[in-house]
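With UniProt numbering, the residue at position 85 of the sequence shown is 85, and numbering never jumps.
Honestly, the hints are just simulated from the structure, not real lab data. From the three backbone atoms N, C-alpha and C, an ideal C-beta is built for every residue, glycine too. Don't take every hint at face value.
Below, simulated DMTMM-like cross-link-like pairs (lysine to aspartate or glutamate); rule was C-alpha separation at most 25 Å, straight line [claimed, not checked]:
1. 91 x 58
2. 27 x 65
3. 47 x 81
4. 46 x 58
5. 141 x 114
Restraint-style ranges between C-beta atoms, simulated for each label pair [unchecked claim]:
6. 112 x 135: 54 to 62 Å
7. 109 x 65: 40 to 48 Å
8. 46 x 87: 36 to 44 Å
9. 62 x 106: 41 to 49 Å
10. 86 x 46: 52 to 60 Å
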Amino acid sequence: MELGGSDAPLLFMTQKNRNPATGSRKKPPADAAEKLLAMAADGVNKKGLAYGLGTTVELLNVWLDQYPELQQAIDQGREREHKALHNALYKAAVDGGNVTAAIFLLKARHGYREGDQGDQANRVSINFQLPGAMRLEDFTKDVTPRKETHDD
Numbered sequence: 001m002e003l004g005g006s007d008a009p010l011l012f013m014t015q016k017n018r019n020p021a022t023g024s025r026k027k028p029p030a031d032a033a034e035k036l037l038a039m040a041a042d043g044v045n046k047k048g049l050a051y052g053l054g055t056t057v058e059l060l061n062v063w064l065d066q067y068p069e070l071q072q073a074i075d076q077g078r079e080r081e082h083k084a085l086h087n088a089l090y091k092a093a094v095d096g097g098n099v100t101a102a103i104f105l106l107k108a109r110h111g112y113r114e115g116d117q118g119d120q121a122n123r124v125s126i127n128f129q130l131p132g133a134m135r136l137e138d139f140t141k142d143v144t145p146r147k148e149t150h151d152d
């Protein structure tokens with residue numbers, strides 16, 4: 001499935017299947033899992049998923065707790081989205097010569113760090129500990145020169 005290649009979520013978002021008598025719905029629609037999978041694969045956020053099913057985020061959360069197959073459908077859709085994004089990034093880096101994409105993949109997947117890491121290992125850290133505020137009288141006692149006597 002390609003990113004943005006489906007207009008299906010837009011159709012889902014325009015349909016509201018509510019009970020005409022009460023205005024609410026206690027159970028998800030029969031095709032909720034398929035709709036959630038398709039919308040999640042296209043990168044729709046949770047608010048959009050709820051809207052696509054014609055409900056609120058709060059009720060969607062209740063359904064996700066009560067019907068594990070719905071959460072599983074969202075997870076599968078997110079995994080499809082992740083694979084599509086990764087493939088697009090990989091193709092941009094390898095086939096398209098996109099240096100930024102290549103650097104991102106090196107850093108994210110292979111722990112690449114720029115610069116000489118030896119420089120960071122040889123650094124010394126110095127901490128200065130300054131005394132707290134002093135009264136003027138105490139300060140002048142410390143900085144006033146003292147007369148020293150020399151006994152020969």
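Status of each hint after checking the structure:
Simply put, residue 91 and residue 58 have alpha-carbon atoms about 39 Å apart, too far for the 25 Å limit, and the pair is violated. Between the alpha carbons of residue 27 and residue 65 the distance comes to roughly 12 Å, so the proposed pair stays at or under 25 Å and holds. As the CA atoms of residue 47 and residue 81 are separated by approximately 17 Å, the hinted pair is consistent with the 25 Å bound. For the proposed pair residue 46 and residue 58, the alpha carbon gap of about 10 Å is at most 25 Å, so the pair holds.
About 53 Å separates the Cα atoms of residue 141 and residue 114, which puts this hinted pair outside 25 Å; it is violated. Checking the proposed 54 to 62 Å range against residue 112 and residue 135 shows it holds: the Cβ atoms sit about 55 Å from each other. Between residue 109 and residue 65 the C-beta distance comes to about 34 Å, which lies outside the given range of 40 to 48 Å. At about 24 Å, the beta-carbon gap between residue 46 and residue 87 misses the expected band of 36 to 44 Å.
Checked against the hint of 41 to 49 Å, the pair residue 62 and residue 106 passes, with Cβ atoms roughly 43 Å apart. Checking the proposed 52 to 60 Å range against residue 86 and residue 46 shows it is violated: the Cβ atoms sit about 22 Å from each other.
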